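Mind assembling these two chains? They're in different frames, but the hints should get you there.
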Amino acid sequence: MSALRRHRRLTAIWASEPGWKGWFSTVNHTDVGRMFLATSFFFFLVGGILAMLIRAQLATPHSAFAGPEVYNQLFTMHGTIMMFLFAIPTFEGLAIYLLPKMLGTRDLAYPRLTAYGYWCYFFGGGMLLFSLLAGIAPDGGWFMYPPLTGPIYSPGINTDFWLIGITFVEISAICAAVEFCVSILRYRAPGMSLDKMPIFAWYALVTSLMILTGFPPLILGSVLLEVERAFGLPFFQAELGGDSLLWQHLFWLFGHPEVYIIFLPAAGVISTVIPVMCRTTLLGYGWVVAAAVALAFLSFGLWVHHMFTTGIPHMGLAFFSAASTLVAVPTGVQVFAWIGTMWKGRPELHLPMLHILGFFVTFVMGGLTGVMVAIVPFDWQAHDTAFVTAHLHYVLFGGFVFPILAAIYYWLPLFTGRTRFFKLGELAFGLIFVGFHGTFLAMHWVGLLGQRRRIETYDAEAGWTTINLVSSVSSFVLAIGLAMVLLDVLLHFVVAVRGRRNPWHAGSLEWAMPAPPPAYNFASLPVVETRDPVSSDPHLAVRLARGEGWLADPALDRRETLTVEPSSGTPEYMVIYPGNTRLPIVFAAITGLFFLSLLIKVYWLTPIALAGIATVGWRWVWSLAQPVDLGPQEAGRGERLPVSGETDRAPGWWGSAFLLAADATFFGSLLFGYAFLWTVAPGWPPPELLEPSLLELGVGLAGALVASIGMRIAIRGNRSRGTGVAGLAVALTGTAAAALAVASLMIRVPAPAGHAYDATLFVLGGYALFHAALAGLMQTFLIVRVRRGFTSPARRAEFPIVCLWADYLALVTILVLVVAHLPGWLA
Amino acid sequence: MTDVLRILVAPLVWLAAFSGVYGLHGVGCAFGWADVELLSISLFRVALLAAWGAAVLLQLSLIPTLGSNRFGSAAPFVRRTSVALAWVGLVATLWTLLPVAVMSACD
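Same order as they appear, the protein sequences are chains G and H.
Note that the working numbering gives residue 663 to position 663 of the first sequence, counting from 1, and the numbers run on in steps of one.
Each number in the working numbering corresponds to the 1-based position in the second sequence with 1000 added.
If we strip away everything but chain H, and leave its shape as in the complex, we get (with noise of 0.2 Å):
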């Protein structure tokens, strides 16, 4: 089963991540923090892009850690599979919320 999990957890994580900002995306909007600001950035923003940042960084330590003999699986076509879809995972975080970079937060 640990090999199917291998499968399926860079996926997992764009879901969690997804699902998180959009959550979060819904939660600050409904409470106002938008207008809270620092130094003429929004804050809700700020914590926008950090959640964005830190689902590519977990995103992009998964393909080194599915490619390695330790936590890699022993079975070349899951190590292949796994790693490919850490990439089409770290590629979707990317692209998915990407518009917490360049939308307007709550109109």
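Isolated chain G, as found in the complex (with noise of 0.2 Å):
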């Protein structure tokens, strides 16, 4: 088959619906990546617009120009925006467009839930954006501090538009995590070792599974509040046993591990581009590595510093205070590498190398006053002043929007094929470092000063009024200058002239296809024997095409690609994908109707939309029916490979363990929640106590068991004789005693809006009969498969699956189950 035809029929299989309707039901990663960064940067934009009207608030005093109760919707609205709807989703949409490409593969591991998490960011972005048109956005700070969002402070919707809205967006998050991590681990070119994965790759790796440890306390807490909020089960309340600490706990258990999470993918940016642009390699790519997960790690244990001033033991505070310190040293560890990397090579200062530059000036400022604030007496003096609106600033424009500028360029030749022709980007990069440094050093300057956070005015008296004009003036500028790569890139768009295949002569496997990339990104897979291939291979982009890579035959008109070994990068096994289909979309819509009907209190709606989330979900399952056995498949290069369906570890349950690692940090949080308010808060031990049942802990933890038993039944059913059914009807009945015994519980708790004791024993059992729920639908799912004949012995995958979370069901069981009795039975 000629390079041409290949590219046809491959094109045919593997092309989005054309025009407009295949935004709709287009699975592809580069459409979805390209999806999610304009949406992204459309909410830039709006960020940006809000931070022009705070600064145009702050640069006179006794401004007239907005109320108090405006501005506090603004400056809500530009944290919450530029944190939820532009950071996260920015590495989402790069890593989501860029992957694929350099890890040598052709999509990522579940193209429908790369959809399904663009259009959850699509809606839940559109409920907040809504809220700000309307006059009723959230105004509480970007952190929501209860009780002042709690609902005697807050009795509006605001608050629920930013508690329902920034759920509905993280699940966006929580899926591209999942599908980052599988990707990363097992979808790789054949040979691509761990030591020669790309940097880009490790920077998502460890971001994905701090993603997915970072996030789930802040969905507990916004769970909580809005439980509290709605239904009045007092967890944040003292007078009742609850504890507003627990909030800033849940908050910042996120919140600090977030700050890293937005620059560690664009330090993987940096580690990408710096090599290129100084044509030389990374200096010290495993240091680099180890540097990037002890960052990640070390970020876990400096949550409290942003709690200094709550009156916490010096002894807690210093844990904290030195952990924080010590997050300078990975952070170091880097920096040294880059300019290591600059030093070993002969650096050409094109328009990414600026803007890195600037990264550099920019963030090693931001990391020392960094250091400063890490120490307990400077950070008494400072917090809630504007040197740590200034600090964070630094940290985040220097440590993402420098890089993500640097990487637009970067890649713009891929993403567009063409060559720029306007050099706007340089002047704009002029304009954005004077105006950046004059915003913020000037408002370093005021804090110090004494000027709070989130003031809306001041007095003239206060020697401010000049401070804030530079920064005010200062601000204009930076924003004139990122309205400039704005008009740059869309004039790159519309009229750039074709440019040549990777102009930067880079090294990685994105460089090694046609731009701007074809919707199936290799005519056939490559096999990597280096980090650089490219460089290795200048020809390699030509043989791929040519089809002397893994994969090269279409025959079938399958969407085909192939897993690896994670350490080794050997092939494993053959996924087909499912094609194009608005299911993604309609499934977003059912999640949305269910944080609508929360939202605006119409809770007959809750059900509905539930049931609908099951139906969808159900036929999203069926959808990826294998009749008959398939056997092994030509692989090409004289390989035959299995099918993942005819695999133990297929990628459903690679994806549902990265998923109950998330499940299980909300769990966990939860816990340690309960274990909280125990030792802390006031009015606590609780007046009553739940009074312990033997039968209810006996038939919950035997429950427990016999759906874990009766699911490895299963799977030794469906080996021998190619059936389950006995198996998986005894893990039923297990998981159906699980829930009476967890339900009971819930029924018996004396009253959950009568103290945080029996609130937060209510919501563990809820939490654990939600999980039975899902344990018993998915063991229905299997029979019903069985019965349809759509299971053998060789076509098992789908049975470890339903295992792993039946396991997790019957861990969550036993635990909740005795957390609950255990203080009854000690008293």
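Bear in mind the hints are in silico, worked out from the structure with no lab data behind them.
Quick caveat, the model's predicted, so the values are computed rather than measured.
Note that CB positions come from ideal geometry on N, CA and C, so glycine has one too.
Careful, some of the hints might be misleading.
To be verified - Here are a few chain H residues that face chain G, going by a calculated C-beta distance under 10 Å:
| id | residue |
| --- | --- |
| 1 | P1076 |
| 2 | R1080 |
| 3 | G1089 |
| 4 | L1098 |
| 5 | A1105 |
Next comes the structure, spelled out in structure tokens:
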């Protein structure tokens, strides 16, 4: 088959629907990545306009520009949009677009999930945008501290928009994180062992693991605060056994890692771009990987440094102060590795490199002020002043926006296949750099003079007027610079001339394809032998187009790729993807209906939406059915590989394992909250403990074990006889017993709205009940699958997946029942 | 996947130890353990120091373990990275939990 015929055949197989209809049914990572990036930069624009309004207000004392109610919404939405609707989705979009190309594969692990995540982001972001336009936007600051945001002090719908909208958007981040973990570890080109992975993939892997463990505490906090606001369960009300500090712990358990979740992908961009711009390779690849991993872990030991003024004992403060200073070390290792890379190479000052230099200056300054506020006595002085606002902007703008601008200009030739024509970008960089430092250097100064953050006005006598005016004027210079970048990129898309492939002479695989990339990425999958395969083999792109790699024969008209063993990169099995579908947008819309019913408090709609979610979820998985055994398939280069449905560890198993890691973090955070309230909150021990019940405990524990054992019987039954219904029936019975026990616990809790103890037990029971329902649904699904003949001793992949969820249910049920009954027994 | 776990294990042990000691500190202060003394030494302080010591020993043991032929990775890159991170875990444990030896417990 000629290269042109192969291209046409693969395009027909992989392409999205033509025209605007394709936006709604595409599951292709290139399309969805572009949609993510376009949407996230739209939100960057909105967040930037809000920043201009804030600076307009603060430019002069006693400004009449905006009243306090509007101003509160402005700064809350500015922070919320920039953090949740710009920074994280930009990482998601960039990684969705780039990762399969860099890893030498054709798509991410779960293309439909990619699209579902995008639509959740789109609808959730739309919800927040609507609140802004309607004047009912969240107004409690981007970290939403109760009691200010509780039902007493914020009775309107504003706070609910934040709690529900952000939780909706976070589904997108969790989906992307699961997808990236599985894709990076399993969906790589043959031969790409861990030490040959592109450095950006390492950073994306570390960031994704952080999202899976960092976001669940915030989701939990949002759920608890919304439940308190809607139903009166008092998790954060001190007079009823709650504690507002619990919110701060849950929020910052997410919030501090969030800073690194934003920075690390940008560091991945820097580690990718600097060696190319300096005509060399990254200095200390292994050290950079180790530093990224160390940074990720240390970032989870810093959260209390946002709470230094809350009265925590000195020893507790010292733990977190020490960890906060230590985190500078792995950051420094990376910065020195980048400087060393520039030193050993021959730097060329192209536009991406200008933004990298902007990053160095800005981020290092932000890092140094970070070490200042990590020291407790200094933090006590600077806390809640504009100094902290300036510090965080140095870290986030320096550590994210400059690298992302570098990324835009670096990968623009790949996105468009064109070469830059107008040179607006260089002037824009100058304006951005000068404008940024003018804005935020001044803000450090005014903060040290005592200006608190989030004030809507100040007296002329305070002596802050000139500094604020300088800051505001500079911010408009910054805005003009960013607007010029937007204009430059738009002009590039419209009028720039065709460019040549790989204009930077980079070595990574995304440059071994035509630009703009075809829907299938690679006509045949490369065999990777070095870290820079394109540099090692300049003719690689041509050879892949000729079909000299894996999976070169599109004869069966299927969307195919292959997976590898994570460590060595040895091919393991083939994956056949589903095609274009509108299921993701429908699924996201129904998920949105669920959140909307909670937001507008139309609770009769909630169970209908849940039933809709279950129905679409069922359809989603059902469509993956494989009616007959396929056996090993031709994979090219004379090799045959099994298909994923005929293995024990299919992609669904890996995805479930990573999703359960996030789920377990959510559960762990709930248990932490229970322990925290018990030890720290006023009003504990509670006036009345749950009466222990041997029957409830016995039924629950037995049910949990039977559910888990039943799944193992089912796996064995399917392996030996091609069925497994008996084992599944046993497992379903066990699941029902576990559900009964936790439902009984929820009913017996005296008064969930009366004390935080009862409220916590009620939520613990609800969590276990939800998982019982989920496991029951999966087991029922599998029974139907078996009876319809969609399983066999070969087609066995779904059994271990359901077993994993049943095991998790068993663990959760046992822990919930034990922690609920233990205080009663001990008393 | 074992190689990925080898890379992650030492920082995970640090995170568990750090959270565990912080939790122990919170529980001890909440229940007044700092006031229980034996031979003029606070038993709470002894418990915190013991927890720190155990965490340091565990981190120390990971360094030769991850570098050994039996438990270490066969891939040189993974072996080097996991041993480097074991050193990071040790230093982090020593530095971030040092306050148990030098700070007042519950003031």
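### Message
Tell me if the interface restraint on H:P1076 is satisfied: Cβ within less than 10 Å of some Cβ in chain G.
### Response
Result: holds, 8 Å to nearest chain G Cβ.
### Message
Min Cβ distance, H:R1080 to chain G: is it shorter than 10 Å?
### Response
holds (6 Å)
### Residue hint H:A1105, partner chain G, criterion CB-CB below 10 Å
holds (6 Å)
### Task
May I ask you to test the interface hint for H:G1089 with respect to chain G, counting a Cβ-Cβ separation under 10 Å as satisfied?
holds (8 Å)
#### Entry: Given hint H:L1098 near chain G, where the shortest CB pair must fall under 10 Å
holds (6 Å)
Consistency with the previously given hints is maintained throughout, with no hint failing.
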